Amino acid sequence: MNRYDYHQPGTIEEAVGLMAILDDAKYIAGGTDVMVLIRQKKLKPKNLISLRNIKDLVYIDTAKGLRFGAATTHSAIDNHDIIRRNYSALTDATSHLGSLQIRNVATIGGNICNAAPSADTACPLLVLDAVVSVVGPKGARDIAVDDFFQGPGKTALAHGELVKGLSIPSFGENTGSAYIKHTRRQAMDLPILGVATRITLSMKNGAEVRCRDMFCTIDSISNILAKLKEEELKIDEARIAMGVVAPRPMRAKKAEAVLTGKVVSPELFEEAGNVAASEAQPRDSIRGEAWYRSEMIKVLVKRALIKSMDRIIRPDEAIYPERLW
Amino acid sequence: MKREIGFTLNGEAVRLEVEDQWTLLYLLREVLEMTGTKEGCGYGECGACTVIIDGKAINSCLYPAMEAEGRAITTIEGLVSKDGELHPLQTAFINEGAVQCGFCTPGMIMSAKALLDANDKPTEEEIKDAVAGNLCRCTGYVKIIDAIKSAAGGR
Chain C
201 MNRYDYHQPG
211 TIEEAVGLMA
221 ILDDAKYIAG
231 GTDVMVLIRQ
241 KKLKPKNLIS
251 LRNIKDLVYI
261 DTAKGLRFGA
271 ATTHSAIDNH
281 DIIRRNYSAL
291 TDATSHLGSL
301 QIRNVATIGG
311 NICNAAPSAD
321 TACPLLVLDA
331 VVSVVGPKGA
341 RDIAVDDFFQ
351 GPGKTALAHG
361 ELVKGLSIPS
371 FGENTGSAYI
381 KHTRRQAMDL
391 PILGVATRIT
401 LSMKNGAEVR
411 CRDMFCTIDS
421 ISNILAKLKE
431 EELKIDEARI
441 AMGVVAPRPM
451 RAKKAEAVLT
461 GKVVSPELFE
471 EAGNVAASEA
481 QPRDSIRGEA
491 WYRSEMIKVL
501 VKRALIKSMD
511 RIIRPDEAIY
521 PERLW
Chain L
5 MKREIGFTLN
15 GEAVRLEVED
25 QWTLLYLLRE
35 VLEMTGTKEG
45 CGYGECGACT
55 VIIDGKAINS
65 CLYPAMEAEG
75 RAITTIEGLV
85 SKDGELHPLQ
95 TAFINEGAVQ
105 CGFCTPGMIM
115 SAKALLDAND
125 KPTEEEIKDA
135 VAGNLCRCTG
145 YVKIIDAIKS
155 AAGGR
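Protein chains in written order, with this note's numbering: chain C, 201 to 525; chain L, 5 to 159.
Be careful, since some hints might not be right.
With the C-beta cut set under 10 Å, the calculated list includes, among others, these residues of chain L facing chain C [what the hints assert, rightly or not]:
{"id": "1", "residue": "LEU66"}
{"id": "2", "residue": "ALA69"}
{"id": "3", "residue": "LEU119"}
{"id": "4", "residue": "LEU120"}
{"id": "5", "residue": "ASN138"}
{"id": "6", "residue": "THR143"}
20 Å max Cα-Cα, derived DMTMM-like pairs, lysine to aspartate or glutamate [claimed, not checked]:
{"id": "7", "chain 1": "L", "residue 1": "LYS132", "chain 2": "C", "residue 2": "GLU430"}
{"id": "8", "chain 1": "C", "residue 1": "LYS255", "chain 2": "L", "residue 2": "GLU23"}
{"id": "9", "chain 1": "C", "residue 1": "LYS246", "chain 2": "L", "residue 2": "ASP121"}
Quick caveat, the hints were computed from the structure, so don't treat them as lab data.
Nothing here was measured: the structure is a model prediction, and the numbers come from that model.
Built from N, CA and C at the ideal position, the CB exists for glycine as well.
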């Protein structure tokens, strides 16, 4: 067994202070990545600094937008009704990460600090315009989540810095978001591809959409979109993020520009999918080949967009049929 | 470096010396010699080491023993009542034939217990989600799900 000293500071300041004086130290939160790496002997720290007992890192505040502590577990996010309704993409990710045993301890801060290209919460945080608050020996600063991820396992964190919390703005009515994790099996799997979208619609006659009932049928996406075209729903703002298609989770900014200001139609979503696929640089890996990932981006961008729209049009309904999108 | 910590184990207060690099699983199996909790993969993939901490199912192989301080831990050994009567989940697993080699069983039962403690009328989907992190290589999932359903119904 690799020997290390285990430190359990009670405050953020204490943790940052310990990191500054201890030799070869590593922060540990839920431990579901760090403990595995230690066991695999890929990580041999002399000191572990636990963030689990720092109360200031565990909170969820929905008073203005959404703010939560970095050591908030996936389960805590998952069980929060306001997040499920207003920031659905995030819940889509937290509800399908690992197993319940993992979600009960794994933290959102840990998920983004591990910075895997496949990190499930990364794409939702990208489309939700999240800001990462970090604190370190030189003080505190905020980093847009798009600037936070820099490569596989690489983040914008300087030595000794830790993530304190995340904040997401309030998007108001007529905004919906979704994350689709494309996997071979439904549980305990990493994504072959992950796509998140957020869309804000300007709706003419309040929120009533005539063909809303189409969303609870098994009709094809193209049929639903053809009907929606008649409603002339204009897209005010759009975000698309993709995981496992580049060294880091990335926004598809050109595809977002395609959507902005346009009226929802089958052709528009088709084009957005194609442009998003052209922005990705997927590679062959054990989970899927590059050509397959490129093709699936086109499909999943459309599905995620329509799932986001479903959440605007039928906010109080469960997504049905679940398997379709 | 050793440190003394205190926690509640299956309803009883425990105080003992723990080394920094121990996992909770190591503490349970090798130090306390409570071998009901199993070690499968050791990487948090298989769920054989599942125990309940403060009402939540977790993988004890990834849980630093030091973090047990002040918490309430339940293991499979804590399910039998003082007079030796099996827990309804254990009885259900036996009656439904949900046990083959038995290696995954303690973890399965702990995941199921955490679920039923929080939700006494789970749907089949909720049951499947609760045990999705527990692998059974004898492929007994159908009977395991049946057993959890019958334990939930029998309460």
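Right, here's what the structure says about each hint:
1. Below 10 Å, beta-carbon pairs count as interface contacts, and L/LEU66 has one with chain C at about 4 Å; its hint therefore holds.
2. A cut of 10 Å between beta carbons decides the hint on L/ALA69: the least distance to chain C is about 9 Å, and the hint holds.
3. Satisfaction of the interface hint for L/LEU119 is found here, the shortest Cβ-Cβ separation to chain C being roughly 8 Å, below the 10 Å cut-off.
4. At about 13 Å, the closest approach between the beta carbon of L/LEU120 and any beta carbon in chain C exceeds 10 Å, and the interface hint on this residue is violated.
5. For L/ASN138, the interface hint holds, since its Cβ comes within 10 Å of a Cβ in chain C; the closest pair sits about 8 Å apart.
6. The beta carbon of L/THR143 is not positioned within 10 Å of any beta carbon in chain C (closest approach about 14 Å), and the interface hint is therefore violated.
7. For the hint linking L/LYS132 to C/GLU430, the alpha-carbon distance of about 41 Å lies beyond 20 Å, and the restraint is violated.
8. Pair hint C/LYS255 plus L/GLU23 does not hold up; C-alpha atoms about 24 Å apart against a cutoff of 20 Å.
9. This hinted pair does not check out: C/LYS246 and L/ASP121 have alpha carbons roughly 39 Å apart, beyond 20 Å.
The earlier numbered hints that this structure contradicts are 4, 6, 7, 8 and 9.
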